[in-house]
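Asks: Sequence:
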Amino acid sequence: MVSSPSLWRAPVPFKDAIEQDAIAPFPKPEAPEEEDEESQRDRDRCLMSSLPVKVYRERRYLQYQATWWLESAFQGVFAIERRFRPRPSDESYPKSGTTWMKAIMFAIISRKVYPLRDHPLLRLNPHDCVVHLSGAYATGKEAVVEALPSPRTMAVHMPFSTLPTSVVGDANSGCKIVYVWRDSKDVLVSLWHYYRKLRPEEAHVSEFHGLCESFCQGDTVFGPWWDNVLGYFRASVEMPTKVLFLRYEDMLEDTASAVVAIADFVGCPFSAEEERAGVVDAIVKLCSFEELKNLDTNMSGSNGHLIKLPSSSYFRKGVAGDWMGHMTREMADRIDTIVQGKFQGSGLEIKRAST
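At the far end of the sequence shown sits residue 1728, using our numbering, and the numbering has no gaps.
Rather than coming from a laboratory, the hints here were simulated on the basis of the structure.
Keep in mind that the hints are not guaranteed to be accurate.
Claimed, not checked - Cut-off 25 Å, straight-line C-alpha distance, at most; resulting in silico cross-link-like pairs (DMTMM-like, lysine to aspartate or glutamate):
1) K1388 to E1664
2) K1570 to E1444
3) K1485 to E1663
4) K1570 to E1580
5) K1724 to D1600
Because the structure is a prediction, the values reported are computed rather than measured.
Put together the whole structure using the sequences plus the hints.
Replies: Spelled out as structure tokens, the structure:
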């Protein structure tokens, strides 16, 4: 979001802010006096040692507030809870098309300061443009986040219930949240391929079946998945001016309408002149899967705060229904039945599996 449609300032790609010292220090808002850092760390270690632990593919996960978190990211969660202060121009959104949404959001809010023919997305991975908040806090880059000029655009995978009060409890914070939800079966397949990149030697069918079983039990990172989705869906019903709830498959079917809706929601609507000039279509093209996938910057190098993966791994297929090549009909029906049961009475509906 931009505070006023007439006040356009360049959002700084996060990688540029780190590597080029492209930003001036932004004064932190006054915060209540807190205990000293060493006392905080002792208290954090004590809490972490008391939390349930599970190990998956040699990585430790901790359960906190009914959600499984990667242990290496956990200090970032604490830091965000205590110290993150939103501004009137922040957006945050969890995954299921995160890379695509980062590109769309950054292109929307930067369109009047970066010509699309020479846009940062042509030289940077979307994850280099939009900071992953908990990853940045967990790796000591909190000061860079604070120093970013407005409008800041950030991504999180945190459930709505774990977002800091400064984001969700202050009606005057101006912080906007755009949440994208996706068919749970495709989310599972995407997660499976992510794990394959981490440990390809363990990428066999039994592991995928085990992941599906964990999902059905609600035992997945940032999950249970249905609680994550329902948290943001209910928030979008209760606070429609603060939370925009989008379906990934609908965005695929009509990306231009989604781009217009997002721009309106964050306070950067397209003018009639821009629409006539084809700016919406140009953003759709710039952020399309094929366009991004085939850029040199997304075909080489690596990316990630906590876990480095090849940049190309963020661009696999980007389609709906990929689960059909990975699941039996019985597996798909079981997942749909569980999810439909969890959604019952909420007003949120799924599209049943069809093959």
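Asks: Against each hint, give a clear statement of whether it holds in the structure.
Replies: Each hint tested on the structure:
{"no.": "1", "hint": "K1388 to E1664", "verdict": "holds, 21 Å"}
{"no.": "2", "hint": "K1570 to E1444", "verdict": "holds, 19 Å"}
{"no.": "3", "hint": "K1485 to E1663", "verdict": "holds, 24 Å"}
{"no.": "4", "hint": "K1570 to E1580", "verdict": "holds, 13 Å"}
{"no.": "5", "hint": "K1724 to D1600", "verdict": "holds, 18 Å"}
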